[in-house]
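J.: Put chains B, C and D on the given structure of chain A with help from the hints.
4 protein chains.
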Amino acid sequence: MLVMMKSHATADEISAVCRKIELMGFKAHPIPGITRTAIGITGNQGPVEAAALEALPGVGECVPVSKPYKLVGREVKEATTIIDLGDGVRIGGSEVAIIAGPCAVETREQTRAVAEAVAAAGAKLFRGGAYKPRTSPYSFQGLAEDGLKILAEVRRDFGLRIVTEAIDVESVDIVERYGDVIQIGARNMQNFSLLKRAGRSSKPVLLKRGISATLDEMLMAAEYILSEGNYNVIFCERGIRTFADHTRNTLDLSVVPAVQRLSHLPIIVDPSHGTGRREKVIPLSRGAIAVGADGLMIEVHAHPEEALSDGNQSIQPPEFRQLMAEIRQIATVVGRTVSPEPADIASRSTIQAQLLQ
Amino acid sequence: MLVMMKSHATADEISAVCRKIELMGFKAHPIPGITRTAIGITGNQGPVEAAALEALPGVGECVPVSKPYKLVGREVKEATTIIDLGDGVRIGGSEVAIIAGPCAVETREQTRAVAEAVAAAGAKLFRGGAYKPRTSPYSFQGLAEDGLKILAEVRRDFGLRIVTEAIDVESVDIVERYGDVIQIGARNMQNFSLLKRAGRSSKPVLLKRGISATLDEMLMAAEYILSEGNYNVIFCERGIRTFADHTRNTLDLSVVPAVQRLSHLPIIVDPSHGTGRREKVIPLSRGAIAVGADGLMIEVHAHPEEALSDGNQSIQPPEFRQLMAEIRQIATVVGRTVSPEPADIASRSTIQAQLLQ
Amino acid sequence: MLVMMKSHATADEISAVCRKIELMGFKAHPIPGITRTAIGITGNQGPVEAAALEALPGVGECVPVSKPYKLVGREVKEATTIIDLGDGVRIGGSEVAIIAGPCAVETREQTRAVAEAVAAAGAKLFRGGAYKPRTSPYSFQGLAEDGLKILAEVRRDFGLRIVTEAIDVESVDIVERYGDVIQIGARNMQNFSLLKRAGRSSKPVLLKRGISATLDEMLMAAEYILSEGNYNVIFCERGIRTFADHTRNTLDLSVVPAVQRLSHLPIIVDPSHGTGRREKVIPLSRGAIAVGADGLMIEVHAHPEEALSDGNQSIQPPEFRQLMAEIRQIATVVGRTVSPEPADIASRSTIQAQLLQ
Amino acid sequence: MLVMMKSHATADEISAVCRKIELMGFKAHPIPGITRTAIGITGNQGPVEAAALEALPGVGECVPVSKPYKLVGREVKEATTIIDLGDGVRIGGSEVAIIAGPCAVETREQTRAVAEAVAAAGAKLFRGGAYKPRTSPYSFQGLAEDGLKILAEVRRDFGLRIVTEAIDVESVDIVERYGDVIQIGARNMQNFSLLKRAGRSSKPVLLKRGISATLDEMLMAAEYILSEGNYNVIFCERGIRTFADHTRNTLDLSVVPAVQRLSHLPIIVDPSHGTGRREKVIPLSRGAIAVGADGLMIEVHAHPEEALSDGNQSIQPPEFRQLMAEIRQIATVVGRTVSPEPADIASRSTIQAQLLQ
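Chains as they are written, first to last, in the working numbering: chain A, 1 to 357; chain B, 1 to 357; chain C, 1 to 357; chain D, 1 to 357.
No lab work stands behind these hints: they were computed from the structure.
The list treats identical chains as interchangeable, and a pair is accepted whether it falls inside one copy or across any two copies.
Below, in silico cross-link-like pairs of lysine-lysine (DSS-like), each with a Cα-Cα straight-line distance of 30 Å or less:
1) Lys-27 / Lys-149
2) Lys-149 / Lys-196
3) Lys-203 / Lys-67
4) Lys-196 / Lys-27
5) Lys-196 / Lys-20
Extracted from the complex, chain A is given alone in its bound form (with noise of 0.2 Å):
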């Protein structure tokens, strides 16, 4: 159930609902659009009775919910959310947003050069895990804390907002001190305990697709960390499991159109982890941002042939810049822009020629 206020209402009206369907015993979650706000009921089991809230001052109308989510549907916010990090970094816009950087921080050496150099082509965000979730107990599993710092280092020297991955409750705590945005990876989508701790987080959310997600599960997640408070969640397709065997996964772009159909939360794709193959990269990254993609998350590292995780789609530098350069174009075509490269680029790539010798 939905209440929908009227344009005019009040903050004080607004709240006097709050309290009320907070007193019937359930949860409400007030959405403010742009012309007006929704407040989203959950928590109950049955329907609400809607006539003791259509009397209340403000109050335009209680809409029925028809889907099995609430708070991720455009029913309740018809706008695009745009998350906003902050000098003009946003997920959502008008601007794709480009989060790029290395698989995992492995050293503060590869991780500053990589910073260095995907900041310097026009990336506003850095990713680089810290904890890594492996399929052997014996391969690296990341720096933990350790790799946070350089992640914070990379926040203050180069004015990237870091994208991390938390892979339990614990790491959240963590994570959430030092990073941008909590990334939850794919193997954890459906770790419900993980999502609820991610919704109490003041952090935007990053939810990456499950290799055998259905769209509905992978919108039910996001209802899973928008029912705890936090509004803001990132979906990100990387690619699902089926037969083919020409790329690592296969990269389902048409999911894309399908979420922002549904859904009121932005979209981005992952195709390094979507193909599983530098050489796809490139042409899978322009087919993204031509779907219509809200932005891209690309592996990057200066020397990919050394990573200690998914050399095989790391993209180097050079390549990324290409990227960038390639995408800015599609993005006009599809009514959007991809951020220029800086202004002292010159300068820049001179530092990144040396730190990448």
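T.: Quick look at chains B, C and D alone, frame taken from chain A:
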């Protein structure tokens, strides 16, 4: 085994090598390249004695083929195959090939109305099935030769090249009389008798990827056609069967660069079957061109709600015109072109408007 | 639409109803049941006027068919179809049908050796391909009619019924001359021209499930055969394509009870193709019988390491004998039987041992 | 690397080798076998210097491990692991382990009624979720500790061992207090923090296969548990996600012999989740036992139509009794047993009949 001729080898020298190969009991496939001709050898069970061939005049070297497919691989021919249908209509060249039309030829009026509209929007190739493979024996199975006659009229009156499906050996006989390109559908991708028959046709073949075909299987299916002597094959990605249920199939755009890397044959994309949802056709068409596809195959129907098949995935003429406008811009970014609307578009549009009443 | 005749309706009354249906422009399919005959009507586009038929003598009632398939459904015929191949060889009855033999007929000796062995172990049906659909045009494609002649000898000398594949309309003409059951392979499950031709054959058809066919698609493929007048179809589950990589395909035993619930046609299981791994054939054969399958199709080769195709999934004669012994016990539990080893097994074994040297 | 001790090696010698391994900076996992003890070494990045270990008293030889998994493989332990839960209740032994009960603990009455019934039919283990991972945050999430208390009563009153799910690190703390076996669900198969926590528990772990997990991924998930020191893991096949739509998931019985070949850990089958359809539970249970599974996990509910979750796949007590009777016969064929109904079945049945009114 490939015999790579020297760049200045004469036609006589090439013929002599072919004769020698036939004498050895094998089949020779001379395939001209930009700088030199390669001669593929098939029909051998084990290794071929290279010395006997390398001794002949004009022979550069004999190279073993490392892949299970021989004639479709880039090893035998480095440059992408361009299929020339006359009057400047090409598939595989710098101009992206747009094939549009209804799922099935239903009536003369319906077919001509769509043909008029897609020609006006710049399409140079027309699709429309006269033989329809249908899941149920009780569904509309196509107009057969009557349908092909309507398509021949479309060719004559609108200058469109005709792409139409053959479903068995018998229908190839008829289709190659009326059409310009013989389509082999997804269900028949491994109908080897049909592939062999198409391999003996003088008309190019559009080979759709099977719903659960791996890349290797698709390449080998084309190898069946080439091994019979027909080297003009176009691949078509049209979606694969996965667990995902928000689209009818999952369009696998990553197969485009994968094919282009391994094979010299062009590949186009069919987002109509690939998604099964009208509202996803335009975004995925943009995606396909951005990824680098050599063309698109689009279902267009003036009244999709009345279509005898595939109405849900057909777009209407105005949407098709919009699609063409959008991909025209995307194509530029990837160094390709899309044909413009014909000069007499204004007057044509009027006719079209009348036809569609 | 089904016309259910009264239980005491005469043959003349049944004929009269069929004539009336044909006069109405449709096709009539009289299908005798245990207590009464049902007449299926196909060829109609919309509803059939029931009143005109219900007025005829002997007609009980007209019932609409609720499923897309008509003739294959239990609605038209409640009792399971038993396909009688003579001399007590039946498929669909209480005795489980065991079809065994090599993937392909390679030589007379190889074929006879296997036939001798499987007959000695109790099998009554023999498999062996003379036409082999192969992924590569350069792989062994079968001995064609020469292979069928060898199979005819096997029939004569060992009393085994022959199940062998037809790959196109042309080969059906030849296969139905030599074989007892026409096999249609997984790749051809939706080769509708082939299905229609098989539907006009007087021989029963073994229809293998396509590698990515849904249950409904498989039922509809059989409907193509029945709608042409051949009501003797046997389904065969042979594994589906999934992401799982520990077997070549994933054997879907749940389809056995699913088919048996919806259709009156028998269903057997092919664990050789279904797993692609020799060591899994015996356990999955036990599983198939336990689930309730009406039979098994097993690849047996005396020297699997020398087989021209599918060697990895072929078991040897001693393993086959063990398989038979194990399923004989399992069959009892589900109220079925497996034919015993022939009485002269001792002497036959000696011959067999000699043949296999 | 594995250190294979000599068959007459003393406990002191084994301890000395373990101490040496720890001194080298690695972790030692002594795993007793029937004839001799193997000591697995984990924690090493590269090869371990074998010479230093082979010099120690009691050491037979050092053998490298060829698989990515070490402790779960048959290389380290040839005999199948038998998990002993006391009073003759074992998983992995010759008696097939039957775990039955409702999807979720809903009420004391519902739970006890089912427990009474399954015990009367011969089951020795009881399932029932107190923590339920649900796709929607608004669905019933289980009774948590209150549910576990009901399960503890069932243990006390009916002598059934309790198998119940933990969904996060926190719930493991509680579940291991009340339950006998900690279940880790399919969605959590790669929740590595949870696996590690379970690896530090003294209770055996039932690890369900992820819905799209390969065999290797499942083995590696178990390796996480064993590498922390808990060697008592039971695998559970519960269906994988495919395109097939006649069942909720596709039950992959071929994984049973595949696991048994590679790993010493037992594997059971859950045909309730594996098919999602009540009428398929009995046939697929027969199939699972025939294939060689070490046990079954079955959802039983007295009133499935009122179940708060998974009603469609729950069978009723009389069907469960029939299931037990059928697999009792199948088990014999494969050299296993299923526990008989307790002697006082007659009186129990009366109570049961009353409880189920």
